[in-house]
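*Asks:* One letter stands for each residue in the lines below.
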Amino acid sequence: MGIKEDFDLLANAIISGKHIEAGTLTSQLLNGTAMPEEILEKGLLQGMEVVGKRFKDNEIFLPQVLVSARAMKAAMNILEPLMIGSGHKPKGKVLLGTVKGDVHDIGKNLVSIMLQGSGYSVVDLGTGCTTEKFLSGIETHNPDIVGMSALLTTTMVYMKTVIDFLRSHEVSIPIIIGGAPINQKYANEIFADGYARNAAEAVDLVAKILSERRTT
Amino acid sequence: MDLHEPDRIPFMCQMSIGHMLQQLQVCPTEFWFDPDTFTSGLLSLREIYGFDGILISLHGHTTGWRDRIVKRAQSENGEFVSFNDGTKMIFRNDDLPESLDNSPPKPSVSEVNIKKLPCPLDYIPISQGLHFKIDPRNKFGVIETIVRKAGKDYSIHGEITSPFDYFLDLLGHQEGLIALIDDPEKCKEILSHFTRLVEELAIEMCRTGVDAIKISSPFSGAGFISPEFYKEFVVPYESRISRSIRKQGVHTYLHTCGAIGDRLDMMFESGASGIECLDPPPLGDVELDCGMKVAQHRGFIKGNVDSVNTLLLGTDEEILSDAKKRIEVGGKSGGFILSTACSIAPKVKKEKVLLLRRAVERWG
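Sequence order for the protein chains is U and S.
Number 216 marks the last residue of the first sequence (this note's numbering); no jumps.
Number 364 marks the last residue of the second sequence (this note's numbering); no jumps.
Only chain U is shown next, with the shape it has when bound in the complex (with noise of 0.2 Å):
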């Protein structure tokens, strides 16, 4: 079996969301003459995109999303470590957060799974985070984007608290909302830079706004 095949059979673990042949087929790979970076982008990454897809078009459900990145992570696993020092950048840096009040994290976590399999480096600041939380994590973590979410009517509103905090702060990197009671309009109305529904068209806000900005 040729090479291209095996990061296909790779692809397909992480697609059906099978974590203990990932982790096989990734050692396997390793051991024949791929390079991490190789099998990241053509056999992780390939596979991610498929699920996001599949994700984005009701073709598959929430369970489906996590079997897979469970799959990713028994393959990344293996490879960080070995990618470390061999200059692989990630697309870009993503910190996410669930704004102070709110305890919710399941869509903020979905966010940061799609992020990691498509390719994005994610700093998780978790629940309740204050707008001094959020500044430190960008003075820490130097990210390119901020992505902020609620679940909650009553914590929404802390959005723009700390999207005015930032600011004043002098932060002008890209911040970005979700969450269930959040729409386009609010979003505008808090100055956010962008909003996304779900977690598979977060992955696409991401890009865009990224891609914009290294045009510009």
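Calculated directly from the structure, the hints in this document are not laboratory data.
Be aware that one or more of the hints could be misleading.
[Stated by the list, open to error] Below, computed lysine-lysine pairings styled on DSSO-like, alpha-carbon distance capped at 30 Å:
{"no.": "1", "chain 1": "S", "residue 1": "Lys186", "chain 2": "U", "residue 2": "Lys73"}
{"no.": "2", "chain 1": "U", "residue 1": "Lys56", "chain 2": "S", "residue 2": "Lys188"}
{"no.": "3", "chain 1": "S", "residue 1": "Lys106", "chain 2": "S", "residue 2": "Lys152"}
{"no.": "4", "chain 1": "S", "residue 1": "Lys325", "chain 2": "U", "residue 2": "Lys185"}
{"no.": "5", "chain 1": "U", "residue 1": "Lys18", "chain 2": "S", "residue 2": "Lys188"}
{"no.": "6", "chain 1": "S", "residue 1": "Lys347", "chain 2": "S", "residue 2": "Lys325"}
{"no.": "7", "chain 1": "S", "residue 1": "Lys152", "chain 2": "S", "residue 2": "Lys352"}
{"no.": "8", "chain 1": "S", "residue 1": "Lys350", "chain 2": "U", "residue 2": "Lys185"}
{"no.": "9", "chain 1": "S", "residue 1": "Lys293", "chain 2": "U", "residue 2": "Lys56"}
[Stated by the list, open to error] Residues from chain S that keep clear of chain U, each with C-beta distances beyond 12 Å, as calculated:
{"no.": "10", "residue": "Asp7"}
{"no.": "11", "residue": "Glu30"}
{"no.": "12", "residue": "Gly50"}
{"no.": "13", "residue": "Thr62"}
{"no.": "14", "residue": "Pro105"}
{"no.": "15", "residue": "Glu111"}
{"no.": "16", "residue": "Thr145"}
{"no.": "17", "residue": "Gly151"}
{"no.": "18", "residue": "Leu170"}
{"no.": "19", "residue": "Lys247"}
{"no.": "20", "residue": "Phe268"}
{"no.": "21", "residue": "Asp316"}
{"no.": "22", "residue": "Gly334"}
[Unchecked claim] Coverage of chain U stretches by chain S, computed from C-beta distances (three or more under 8 Å per stretch; other residues unrestricted):
{"no.": "23", "stretch": "58-65"}
{"no.": "24", "stretch": "96-104"}
{"no.": "25", "stretch": "181-195"}
Note that the Cβ used here is the ideal one computed from N, Cα and C, for glycine as well.
Fit chain S to the given chain U structure using the hints.
*Replies:* Relative to the frame of chain U, chain S by itself:
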């Protein structure tokens, strides 16, 4: 609920705890724990809004709750409460209480020992690990009080929680959803266990004199699982409970948040008398006319004004127009209760909810 043509379209919304607190201006800790504060609060809210019924979303309050508290301290964020078992919580005036302790680790599906699962059911899973303890000596005291005080004049509804919600609460949402793929048979064993217990609880609740029981199943919409998984992991268990409730002569309705358009048919097939919520776009995907078509002669619909985009963010004109449209669509035959789709959000103003009342009086 009987699908007869009423004199006027009934009006009744479910409210978030935060909204109740905002309107009643009562101590959040007292409202959460104290049966008298809770029952009088629900009765007052019915009066304020002119609802035709009362949903009693919590039950099993214990009268000795104060004995568990060792310290209470007010702060700008709410009231911090320390309990005699060492746990701590914060009670805010616009939201659910929150535990300040680290959540205990969740078991993996393989670690779950069915024989060691809770039995009988002594808690209600509320949100993100927050439980409401059911006092076994006073399981339905608040319901009985409200039935006694208002049952002759208004429709009184109790609430139970879907076995699927207990299952996700047990394992955690992510691990629970993964387990549906990894070990579906074990998941079904767990679901069967909770189904038996919820069914017992529901049958007991029927004896309090409630007119209907809502089955809360917030995580079984398309935002979480496919229609196939819904059919496999939700329908058989909720159906069993629905049918048991109906055998007692009590109505029951399903409440599932978000996008449910692809499973409405299955929901009506489950044996429930009706469906609540039907979040319209953008929160969900069900327009009322589509929902009414699926419901025709099979059950009632309680919905579906968007609590956030219409009630919280809309103008008075937009709210009235939205309500009028729904009354026109839903009122063509019996089987429609005007309500918000999901709970009234905490910061929705009283006057906005009263516009819905005005709408049913004018057009309903």
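*Asks:* Going through the numbered hints above, which ones does this structure break? Give me the numbers in ascending order.
*Replies:* 3
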